[in-house]
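Colleague: Single-letter residue listing:
2 protein chains.
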Amino acid sequence: MSDEIILPAPADFHVHVRQGKMCELVTAQVAKGGVRTAYVMPNLVPPLTSTQAVLAYKAELERIDPSVEWLMTLYLHPDVTPDEIRRAAKAGIRGVKSYPRGVTTNSNSGIEDYGVYYPVFKAMEEEGMVLNLHGEVPSDAEKNISILNAEVHFLAHLEKLAKDFPKLSIVLEHATTSSAISTVTSLPSNVACSITAHHLHLTIDEVAPQPHHYCKPLAKEPKDRKALQEAVSSGNPKFFLGSDSAPHPLSSKSPGIMAEDGHVSACAAGVYTSPILIPLVATLLESFGALDKLESFVSGNGRRFYGIPPKDGQQLRLRRTKGDDGLVKGTFKGDGVEVMPFWAGKKLGWEIVE
Amino acid sequence: MSDEIILPAPADFHVHVRQGKMCELVTAQVAKGGVRTAYVMPNLVPPLTSTQAVLAYKAELERIDPSVEWLMTLYLHPDVTPDEIRRAAKAGIRGVKSYPRGVTTNSNSGIEDYGVYYPVFKAMEEEGMVLNLHGEVPSDAEKNISILNAEVHFLAHLEKLAKDFPKLSIVLEHATTSSAISTVTSLPSNVACSITAHHLHLTIDEVAPQPHHYCKPLAKEPKDRKALQEAVSSGNPKFFLGSDSAPHPLSSKSPGIMAEDGHVSACAAGVYTSPILIPLVATLLESFGALDKLESFVSGNGRRFYGIPPKDGQQLRLRRTKGDDGLVKGTFKGDGVEVMPFWAGKKLGWEIVE
Chain A
1 MSDEIILPAP
11 ADFHVHVRQG
21 KMCELVTAQV
31 AKGGVRTAYV
41 MPNLVPPLTS
51 TQAVLAYKAE
61 LERIDPSVEW
71 LMTLYLHPDV
81 TPDEIRRAAK
91 AGIRGVKSYP
101 RGVTTNSNSG
111 IEDYGVYYPV
121 FKAMEEEGMV
131 LNLHGEVPSD
141 AEKNISILNA
151 EVHFLAHLEK
161 LAKDFPKLSI
171 VLEHATTSSA
181 ISTVTSLPSN
191 VACSITAHHL
201 HLTIDEVAPQ
211 PHHYCKPLAK
221 EPKDRKALQE
231 AVSSGNPKFF
241 LGSDSAPHPL
251 SSKSPGIMAE
261 DGHVSACAAG
271 VYTSPILIPL
281 VATLLESFGA
291 LDKLESFVSG
301 NGRRFYGIPP
311 KDGQQLRLRR
321 TKGDDGLVKG
331 TFKGDGVEVM
341 PFWAGKKLGW
351 EIVE
Chain B
1 MSDEIILPAP
11 ADFHVHVRQG
21 KMCELVTAQV
31 AKGGVRTAYV
41 MPNLVPPLTS
51 TQAVLAYKAE
61 LERIDPSVEW
71 LMTLYLHPDV
81 TPDEIRRAAK
91 AGIRGVKSYP
101 RGVTTNSNSG
111 IEDYGVYYPV
121 FKAMEEEGMV
131 LNLHGEVPSD
141 AEKNISILNA
151 EVHFLAHLEK
161 LAKDFPKLSI
171 VLEHATTSSA
181 ISTVTSLPSN
191 VACSITAHHL
201 HLTIDEVAPQ
211 PHHYCKPLAK
221 EPKDRKALQE
231 AVSSGNPKFF
241 LGSDSAPHPL
251 SSKSPGIMAE
261 DGHVSACAAG
271 VYTSPILIPL
281 VATLLESFGA
291 LDKLESFVSG
301 NGRRFYGIPP
311 KDGQQLRLRR
321 TKGDDGLVKG
331 TFKGDGVEVM
341 PFWAGKKLGW
351 EIVE
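Protein sequence lines, in the order shown, are assigned to chains A and B.
All residue numbers for the first sequence refer to my numbering, where the first residue is 1 and numbers rise by one.
All residue numbers for the second sequence refer to my numbering, where the first residue is 1 and numbers rise by one.
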């Protein structure tokens with residue numbers, strides 16, 4: 001095995017770069033993680049439901065780091081009409097993200113019923129825009145739906161959308177279950193699936209005791225992790241990297257205590273991988289014998305699905321770390337914000353050659 | 001429904017009162033939670049594997065609070081021989097706790113194979129001692145065993161032990177799954193089951209984002225919580241309160257950062273309910289319509305199984321809270337230790353009449 005890898009422009013087809021001071025901190029880290037093209041999530045406060053708002057956000061990201069190609073998305077919402085879809089497509093916005101209501105960070109404006117959006121999906125199909133699905137249904141104790149089976153319960157919705165819109169490009173985001181992998185595999189080529197770095201490593205055993213590993217969807221059983229690893233190892237072009245890198249302030253990851261009544265707040269959902277992303281993915285793929293699929297997973301499959309070819313001069317060189325190189329040390333700090341990265345205290349097997 | 005309840009001496013048949021300064025703090029809280037008899041776990045550092053060590057610990061607990069009846073246990077370990085069992089029985093030690101290796105707090109000395117302990121179980125059967133089982137097998141990714149199904153995989157061991165030792169009193173501790181409830185229900189009357197307060201309330205949705213809700217075994221799906229509630233509602237004498245109240249310092253419940261290499265430590269497993277236990281159980285049972293089973297769950301079933309009758313003058317009076325009474329406010333603090341209780345920031349429906 002060589003000690004150096006050259007990758008055509010890696011892309012991250014699912015990243016959260018937030019707002020305000022957090023945005024200043026984490027937007028600049030995307031390129032440092034080896035990513036040349038970043039597909040940006042629209043779950044801000046308020047959510048990005050107009051072309052105008054998306055373009056203003058894009059300008060902000062370009063100001064912070066003009067070296068990255070920022071691909072933008074709208075937030076599926078009643079404000080997103082077929083007319084808005086046509087405006088968005090003309091403005092170069094690539095996709096629309098759907099959040100079932102209440103399932104993750106800033107999803108209170110999320111959808112409850114796909115039926116009402118069929119005219120929107122029709123317009124997206126005509127305009128060649130991508131539908132990005134957060135594939136979980138809300139928890140419902142009466143129906144025994146919890147964060148453990150919320151993704152499996154969503155798969156019927158995915159199958160129906162794929163059947164009803166055979167020409168719409170659909171991505172099931174951040175799959176975490178063997179059921180999701182087999183459903184996506186069985187569906188036609190207009191349906192693809194992003195996979196995060198952290199879900200290639202974690203299971204519920206590492207998530208339950210560790211708020212920094214808590215994200216939605218939750219990492220599940222070993223057999224599920226194995227299915228994700230096998231999807232990558234297979235080289236199936238439906239599967240590609242979408243990190244779902246989702247930074248939260250350190251305080252949001254601690255079980256805080258509200259002074260007034262002793263209320264103990266829950267931890268925010270999200271794992272932050274951006275600053276180490278491509279070296280991390282290389283390290284993980286090597287751990288399960290799939291390093292030969294690194295290029296297709298991070299540079300090939302997603303770009304082909306979205307029709308975003310790599311550009312000249314965007315290659316990334318990785319080399320094996322030696323000695324203590326590659327140790328991920330503690331938090332990333334910005335102006336008044338501090339974020340804990342995934343893999344803190346652990347050594348990466350690969351690093352970027354600057 | 002009356003606004004007052006009088007209970008014959010409530011008992012908690014599974015409690016951790018720890019060591020050192022933590023022991024000073026939490027031992028004194030047991031009676032404050034309404035408990036007159038407490039069955040004490042032996043997973044100290046080092047574990048309590050001799051009669052002598054158990055008796056020294058019991059003396060310590062009696063020094064801190066002589067008002068509580070402290071029932072003691074040995075930690076199943078190679079040091080616990082049949083001779084030791086006979087010594088322990090003579091000294092009034094009531095049970096032996098088995099921890100599969102590595103599954104929870106201070107279980108590194110836990111057992112890997114029950115076969116080697118059959119002579120010990122035989123001696124326990126003869127002496128009338130109780131076998132208390134932490135019913136989880138260790139996680140094993142190759143076999144898809146995780147903290148989600150560790151209890152279900154343990155049930156075959158429970159069934160085998162019950163079959164091989166039909167006269168041995170066996171308690172499956174802190175059941176969390178519908179499978180465990182149905183297995184215990186189907187086994188003969190020598191097999192019983194403790195149920196915690198927190199598992200009557202939590203599901204995985206409330207555990208994953210909240211370290212103060214993280215414990216072993218993990219709270220599972222809504223259908224599992226429903227099975228536990230139904231076991232209590234049924235009044236089946238096999239099921240009784242064992243709180244598994246398991247205090248940890250506040251710092252052990254935060255995702256700490258080790259300075260040297262940025263390593264992020266995991267949170268400790270345990271939910272602390274002792275100081276509010278009987279009012280909490282009353283509040284929870286009322287929430288699912290089983291307040292009429294409060295007496296059998298906290299005062300009757302467990303005492304009958306262990307043969308520990310209530311004593312005169314140990315009654316507990318509860319009354320409904322009014323207004324802001326019953327609010328659980330923040331942490332409990334001792335000399336250099338601070339512990340977050342379950343239910344912090346929330347209101348209990350019942351309180352103890354002093």
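Keep in mind the hints are simulated off the structure, nothing from the lab.
There's no promise every hint is true.
You can't tell identical chains apart in this list, so a pair holds if it fits in one copy or across any two.
[Unchecked claim] 30 Å max Cα-Cα, derived DSS-like pairs, lysine-lysine:
1) K143 x K293
2) K311 x K32
3) K21 x K226
4) K333 x K143
Colleague: Would you mind marking each hint as holding or not holding in the structure?
Modeller: Comparing the hints with the structure gives:
1. K143 x K293: between (40 Å within a copy, 26 Å between copies)
2. K311 x K32: Within one copy only: 18 Å inside a chain, 69 Å across chains, cut-off 30 Å.
3. K21 x K226: Result: close neither inside a copy nor across copies, 37 Å intra and 44 Å inter.
4. K333 x K143: Intra 43 Å, inter 40 Å, cutoff 30 Å: neither.
When the structure is compared with the earlier hints, violations turn up for hints 3 and 4 and for no others.
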